[in-house]
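Colleague: Sequences are here, hints too, so could you generate the full structure?
2 protein chains.
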Amino acid sequence: MNKNNYCVIMAGGVGSRFWPFSRNHKPKQFLDFFGTGRSLLQMTIDRFRPIVPIENILIVTNVLYRDQVLEQIPDLKAEQVLCEPARRNTAPCIAYAAARIQAMEAIKQKGERRKARIVVAPSDHLILQEETFRQTIQQGFDFIDKNDALLTLGMKPTRPETGYGYIQMGDEAKGDEARGKGICKVKAFTEKPNLELAKVFLESGDFLWNSGIFIWSLDSILNAFHAYLPEMANKFAEGENVMGTPEEDAFIQTMFPTCPNISIDYGVMEKAQNVYVIPSDFGWSDLGTWGSLYELSDKDENENVTLHSDATYYDSHGNIVTLPKGHLAVVQGLEDCIVAESDGVLLICKRDAEQQIRQFFMDAEVKFEGKFS
Amino acid sequence: MNKNNYCVIMAGGVGSRFWPFSRNHKPKQFLDFFGTGRSLLQMTIDRFRPIVPIENILIVTNVLYRDQVLEQIPDLKAEQVLCEPARRNTAPCIAYAAARIQAMEAIKQKGERRKARIVVAPSDHLILQEETFRQTIQQGFDFIDKNDALLTLGMKPTRPETGYGYIQMGDEAKGDEARGKGICKVKAFTEKPNLELAKVFLESGDFLWNSGIFIWSLDSILNAFHAYLPEMANKFAEGENVMGTPEEDAFIQTMFPTCPNISIDYGVMEKAQNVYVIPSDFGWSDLGTWGSLYELSDKDENENVTLHSDATYYDSHGNIVTLPKGHLAVVQGLEDCIVAESDGVLLICKRDAEQQIRQFFMDAEVKFEGKFS
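Residue numbers (our numbering), protein chains in the order written: chain X, 12 to 384; chain R, 12 to 384.
It is worth saying that the hints were derived from the structure and are not from the lab. Note that this is a predicted model, so its numbers are computed, not measured. Be a bit skeptical, because a hint or two may be false.
Just the calculated beta-carbon pair ranges, DEER-fashion [said to hold, decoys possible]: (1) 49/X x 346/R: 54 to 60 Å; (2) 57/R x 313/X: 43 to 49 Å; (3) 47/R x 202/X: 53 to 59 Å; (4) 313/X x 182/R: 56 to 62 Å; (5) 336/R x 97/X: 34 to 40 Å; (6) 139/X x 268/R: 55 to 61 Å; (7) 313/X x 82/R: 41 to 47 Å; (8) 294/R x 203/X: 53 to 59 Å; (9) 156/X x 335/R: 54 to 60 Å; (10) 336/R x 230/X: 56 to 62 Å.
For every residue, glycine included, the Cβ atom is placed at its ideal position computed from N, Cα and C.
Modeller: Structure (structure tokens):
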């Protein structure tokens, strides 16, 4: 296994869109989402183990979840869990991990800089075809070995999804390492489209779903931060000597909260000129919504989805039901609803109202003083 | 307190209409229905304590529930719980209790027969104005002291309820003991009417709801059984010498299952000529249906009812929600539904589909081999 391969897992989310299934003390990435016995985080780590040495896997998370990470992934060392003292967005998260990898490389190589390759991935996505996924990552590593590129994975769309951002493909990349893999320059990133526009995107064949999975060399991403987020990059550079030492924690405690709340897409990818995309197809979902979970789950003859528990349906259609394991739901006269129970909270709402779930969560947080959060 | 006052509580029902709230192992009468800390059975007993000596209270139930009765009413002696070895209807239940009371009276009076007065009541009804209830019972006792009468309590209807049977009032009873109390001969018992007929009943002022609460003397009910259900009456008479002795149990085990499955209304009340009704008004519900529970519960501004648990409603109207204590329901986009969770079973159904709940229960019983029954 290539000792230069690094993996950065972003695991700081709170997943309130899946409340009450996800909770403040146990967000989505830590849940056994499908009742398989493995959490999404565990599945994510397992997916990388064959291609990234375990000591090169870094988890960036909120300090609140540090112990849960170490409990779920017992062969991680404590220092592999990077703790954000404040909730920022993906750019500071990735910059922190890059600074740490820089320090790790400096120690390993004793001054002789080799090409560290980094894959950055969310901790709470679903990937069905793991071998294809790893082949894609490997192709990405091969590409960035030869090119100073910020490479993103774009998913071939299968439906006019309005819940994802899209990437418009531009010219094909040149060179053996790109040939036959469809790697392209990125022409544009787009926000989540409305349904009409999503249909146009789908039909054009020029658009891919933005997966939030990135591949780049350490040098490329450090250069990009200095070019597009120089203030933040300088803050991290000031701590270069303490990264990976006992002083790192104090430095991060003070510095990190001063970082801007900005995403890597907005802060870097949309501005850089060397952004590429590798069209991918390995059964991916960001599991960002009940809708996406509903879409990819097995349905009965009335399009009802049941997860974890048993359920019997009468005159009911298009529902997604998840109760604690061993429980039974008997549902009559219900159409297109989400029914989710976890830890003393039962949510019943229309599937098309799921964007309100965050609000339900916040209302309950205030009303019940965090008891059900 | 009058030592001749007896009370027979019928507590053998399974209450599957309230599944999953009521369960085979814990039917409705044993549940703390309103979260007050007292079960319906306990509330029923408490209601009679001021007018019936505790040693004169008999509970007739299925042998399965014997221990639960004794646990919930610790000052009952074991022999006060009459166990039906098979599920019959109210006529055999009442005949069994009458036979036992006959034996108790024979012992107490050493041959000198006094006038034992019996009130028979279900164990799972709600009565809000308990003092008025007891005054009504006392008036009934006064009436049957002077008259060989089978007296039933008829509730003054407040709405065109289609879930109850009705009693049509006939001529007023004569005598001081009836005067001013409105006691009447019963002209007819009617089945549950449709809505149109129920409206006619309500407007006429001649009809009362059939409560299933009866008052009679021991002699009157024994005579009535001999007149209208002679075969069954003879079976009980054959055991006269063993009632109240250690041999009673063996006798009942053999004999009781041979009794017909027949209600007291159909077997006696609709046939006898000396049937009277006392118009009553003490805030009564048979709690026979979710609908009746919904009707009598406090509602929020959107006509939602929440029992036991917390609930927050969005765009929702006319629901009744009951979860285990300490749980929270968040409900959006739901109209006129029952949401009930208990012991690992969640039921969601339309309020107007509640007559199907028994079927849901039976389906689940078969499908899950009694696991959720």
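Colleague: Take the hints in turn and mark each one as holding or not.
Modeller: Verification of the supplied hints:
1. Here the CB-CB span from residue 49/X to residue 346/R is close to 39 Å, at odds with the stated 54 to 60 Å.
2. In this structure, residue 57/R and residue 313/X meet the distance hint of 43 to 49 Å, their C-beta atoms being roughly 47 Å apart.
3. Between residue 47/R and residue 202/X the beta carbons are some 54 Å apart, a value that agrees with the proposed interval 53 to 59 Å.
4. Between residue 313/X and residue 182/R the C-beta distance comes to about 58 Å, which sits within the given range of 56 to 62 Å.
5. Restraint check, residue 336/R to residue 97/X: a C-beta distance of roughly 37 Å satisfies the suggested window 34 to 40 Å.
6. Take residue 139/X and residue 268/R: their Cβ atoms lie about 59 Å apart, and the range 55 to 61 Å holds.
7. Checked against the hint of 41 to 47 Å, the pair residue 313/X and residue 82/R passes, with Cβ atoms roughly 43 Å apart.
8. The given range of 53 to 59 Å is respected by residue 294/R and residue 203/X, whose C-beta atoms sit roughly 56 Å from each other.
9. Between residue 156/X and residue 335/R the Cβ separation comes to about 58 Å, which falls inside the hinted range of 54 to 60 Å.
10. For residue 336/R paired with residue 230/X, a C-beta distance near 60 Å keeps the hint of 56 to 62 Å intact.
In this structure, only the earlier hint numbered 1 is contradicted, and the remaining ones agree with it.
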